[in-house]
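*Asks:* Sequence:
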Amino acid sequence: MCAPVHFATHVRGRLYVEAVKTHSVRMRRAAVSIAIASLTVGGTCLAAQAAFADDADRSPGSVVEVESLPTDLWIPGTADAQRITYWSIGSDGNPALSSGAVYVPPGEAPDGGWPVVAWAHGTSGLADDCAPSLVGPALPERDYPYLGRWLEQGYAVVSTDYVGLGTPGVMPYLDGKVEAHSVVDSVKAARSVDESLSNKWVVVGQSQGGGAAITTARYATEYGGDSLDYRGAVGTGVPANIELTLLPLGPGVPPTSIPAGLTSYLFYILAGLRSAHPEIDLDSYLTPLGAQYVNAAEQLCVNELHDAAEGVVVGDLFSRPLNQIPNFHGLLVDYMGVPTSGYDRPLFIGQGLTDIDVPAPSAFSLVAALTANGEPVTFTTYPTDHSGTLIDSQADTIPFVRGLFD
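Per the numbering used here, the very first residue in the sequence shown carries number 1; after that it's consecutive.
These are computed hints drawn from the structure, not numbers from a lab. Among these hints, one or two may not hold up.
[Claimed, not checked] The calculated label-pair distances, taken between Cβ atoms and stated as ranges, are: (1) P76 x D226: 31 to 39 angstroms; (2) D406 x F328: 38 to 46 angstroms; (3) V333 x Q292: 43 to 51 angstroms.
[To be verified] Derived SDA-like pairs (lysine to any residue); straight-line CA-CA distance at most 25 angstroms: (4) K200 x G169; (5) K200 x I242; (6) K200 x E108; (7) K200 x S62; (8) K200 x F405; (9) K200 x A369; (10) K200 x G261.
Keep in mind the model is a prediction, meaning the values are calculated, not measured. Beta carbons: idealized from backbone N, C-alpha and C, even for Gly.
Start from the sequences, fold in the hints, and give me the full structure.
*Replies:* See the structure below:
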């Protein structure tokens with residue numbers, strides 16, 4: 001049934017906005033609570049109802065639909081922008097639809113076309129109305145200026161929503177290989193709809209997108225084939241080794257609440273894992289409360305889910321330990337582990353020392369493994385938080401990326 005989707009959208013669009021307008025935290029949480037209480041396992045059927053062309057060519061990067069992007073969603077400095085829907089690869093290895101946007105800078109393209117910066121966005125949510133190409137980024141005051149600076153440097157920006165976000169199905173949150181396919185295939189699709197784009201490209205990402213960017217870097221040459229000329233990657237706030245934090249979770253573990261941001265990320269991980277791996281029967285490991293919040297993760301965008309997660313005791317979400325799932329560690333590593341070897345182009349990883357969304361030890365452990373394996377990584381730390389790292393790092397990443405095209 002799709003009624004819960006409409007009701008949740010109603011709550012997001014009316015009650016939630018009213019709560020913000022009145023600046024009442026109590027009303028804001030109440031609105032989110034109403035939305036959560038209305039949800040069912042039916043989850044995200046909004047995308048499933050969308051009508052797409054029955055295109056016989058479902059090869060990765062094949063374009064299904066192109067439309068003009070509304071100007072209020074343009075990156076500052078954009079000369080033209082389009083929203084694209086294209087084929088990629090899902091968690092099951094079968095063709096799956098993804099969407100995204102293409103932003104072109106002003107002026108005449110250089111010989112060979114505009115070099116491309118593929119943007120892998122941070123966490124926005126799993127519901128279709130959280131897709132950046134439909135509603136803009138979750139943090140426009142941060143992301144728009146950042147992306148605008150890439151346009152100023154003479155790059156076209158291609159931004160994927162990832163498979164399942166704005167298209168049928170549930171986005172498999174932090175599934176690195178699906179994200180990598182979404183990114184690579186967005187560049188293929190963008191070049192087929194705009195001939196001014198070069199085949200030379202890099203990937204840049206933050207947070208969820210930081211992990212997506214680094215994983216894309218591992219597979220970009222393989223997935224891109226001969227049609228693309230991949231040059232390197234930038235990842236900031238990269239969530240590495242997060243899979244290890246899921247292993248001890250179970251009844252009463254942990255027995256207290258943790259920061260709401262981290263709890264909301266957990267909800268998204270569990271929802272994505274449930275969608276990508278139905279064979280593990282994740283619901284059988286959840287209490288009714290846990291199932292309620294995982295269902296909510298499929299419908300609420302990141303700021304709303306953050307509010308809903310306030311004060312939630314993680315140990316109350318589980319009816320039995322997650323480590324009872326057969327080969328759970330191996331499954332998680334395959335699903336969301338960031339590769340530590342096999343890179344063929346330079347990497348830049350930036351980390352904020354006061355980041356509480358992706359704490360610094362996460363990046364330290366990743367960079368240590370990359371370095372031990374002789375991978376081509378440049379690592380820089382910044383005395384700031386999660387979002388501050390994205391902004392502050394650009395003084396280093398702009399010349400880094402420029403050098404990749406020399």
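*Asks:* Among the hints numbered above, which are violated by the structure, and what are their numbers in rising order?
*Replies:* Per hint list: 3, 4, 5, 9, 10 violated.
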